[in-house]
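**Q** So the sequences go chain by chain: F and R. Take 1 as the starting number for the first sequence in the working numbering and just add one per residue. Take 1001 as the starting number for the second sequence in the working numbering and just add one per residue.
A few of these clues could be false.
Simulated DEER-style distance windows between Cβ atoms [said to hold, decoys possible]:
(1) R:Gly-1255 / F:Asp-43: 28 to 36 Å
(2) R:Leu-1224 / F:Phe-159: 46 to 54 Å
(3) F:Pro-70 / R:Thr-1156: 30 to 38 Å
(4) R:Thr-1094 / F:Asp-183: 22 to 30 Å
(5) F:Thr-171 / R:Thr-1094: 46 to 54 Å
(6) R:Glu-1099 / F:Ala-104: 21 to 29 Å
Listed below are several chain F residues computed to face chain R (Cβ distance under 10 Å; list not exhaustive) [said to hold, decoys possible]:
(7) Asn-18
(8) Asn-24
(9) Asn-78
(10) Gly-129
(11) His-154
Bear in mind the hints are in silico, worked out from the structure with no lab data behind them. No residue lacks a Cβ here, since even glycine has one placed at the ideal position from N, Cα and C.
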Amino acid sequence: MAASPRRAVGIVDYRAGNLRSIANAFDHLGCEVVIVTREADFDGLTHLVLPGVGAFGHCAQNLRDSGLLPAVTRWALNDARPLLGICVGMQLLADASEELGEHAGLGWIHGRVQRLPAAERGVRLPHVGWNTVRFVAATAGFVAGESEDFYFDHTYGFFCADPRNIAAECTHGVTFAAAVRRDNIVAAQFHPEKSQDAGLRFLAGFLAST
Amino acid sequence: MVKKRLIPKLLLKRRRLGTVERMVLVTTRGYEQVIEVGDPVSQAKIYEAQFADELIFLNIDSSPIEPQAPLLDVLRRAASETFMPIAAGGGVRTTDDFELLLANGADKVCVNSAAIADPSLIERAAAIFGAQCVVVSIDYRHDAQGSRVFVDGGRTATPLDPIEWAVRAAALGAGEILLTDIARDGSGEGLDLPTIRAVADRVSVPVIASGGCGLARHFVEGFLDGHAEAVAAGTFFCFRDQNPMQTRAHVRNAGVPIRVKT
């Protein structure tokens, strides 16, 4: 990344999990990292990350309460600038989630977040560990047809209404969206910041988007 | 298909070096006979270079988790220098302890004695942080009284049966169960396969088997005979002329789905 222009990555801090690992990974890639807690923090950013760990309803409520949602919406929809959702940060982009009751999402990428069916023999929940991600569209430096192992830790999965939004798939009893995309928005169910070399490559690929 | 996992377990103890308290990496045998082996963060970086799938840090002093706790310093440094999942525990009492560990670099939290004293801790932690974040660690021994769960670092017996407690912990919201047979800890004699399998077959969450790995074959047995999703080992990776990469090759050759890195 040495020759590429300066990147300033903002990580939205809305009290939904650990931002440290994501910040460390972008720091490792040579970026300036800004923990975004107020609107003024958006100044000078080139890329934005929406993280999220925990229950969907808890995360959605905290994002609304944070006061940052209007600025995130302007960034991602009005200005069409690069946004990366990670884990529940990806799920929040959906229309709704059924985790612990029905909760509305942002509806930026149509689909529902549903519990992965665990009935199949040998399939345990939560889905914890390294699983094969098959890219079906060019995404964050990966090309269609490429497969790589990434680290997952979740119970609910994103099921897209429009297959054109599916960037990558993964199978755990059922096939679900491992990554989704729409124009300037990309999001991953897996944790790139915890996926060693493959994850750093994914994050570097996101940084290459403008 | 989700891959089976090899997890180095890093046991930590406080040592006063001059005026500074630091955590050192140790191994144990039967939760006693503590041997100091080095610096935990350096070792974590070595494990990452060897493609370990995940790391578990356990503070065996079980000292309180407070903002100045040396355990948090280890986690912060490990999380800034490795890019892999980290579970941490030892001394976890409250959901505030979960929050401190997570804020300092852990992705998951191992809870043991406190979950037995108050099982609602599992439910409360799962509601706040998600079940995927809650690892219930169960230490047990087989003795003349049968199989019993022990707390306080293996010192205090409880009336609980390890299999029944694992089933209950999973029902309360544990996302994973870490099982350790205290008598086999550091022995190299192999895993307690009957108990591991009994738990794995009765819970739907992943089981991490630990205690007794002395040969690469023992990992294969944990997966194929014990039905474990992951096998954790401390002494094996610290002392033997073995590392996660070599072990991975053995496991793969036995036909177990595992991440391939060469």
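**Q** Taking the hints in turn, state whether each one holds.
**A** Hints and how they fare:
no.: 1; hint: R:Gly-1255 / F:Asp-43: 28 to 36 Å; in the structure: violated (55 Å)
no.: 2; hint: R:Leu-1224 / F:Phe-159: 46 to 54 Å; in the structure: violated (33 Å)
no.: 3; hint: F:Pro-70 / R:Thr-1156: 30 to 38 Å; in the structure: violated (54 Å)
no.: 4; hint: R:Thr-1094 / F:Asp-183: 22 to 30 Å; in the structure: violated (44 Å)
no.: 5; hint: F:Thr-171 / R:Thr-1094: 46 to 54 Å; in the structure: violated (38 Å)
no.: 6; hint: R:Glu-1099 / F:Ala-104: 21 to 29 Å; in the structure: holds (26 Å)
no.: 7; hint: Asn-18; in the structure: holds (5 Å)
no.: 8; hint: Asn-24; in the structure: holds (5 Å)
no.: 9; hint: Asn-78; in the structure: violated (32 Å)
no.: 10; hint: Gly-129; in the structure: holds (5 Å)
no.: 11; hint: His-154; in the structure: holds (6 Å)
Of the numbered hints given earlier, the model fails hints 1, 2, 3, 4, 5 and 9; all others are met.
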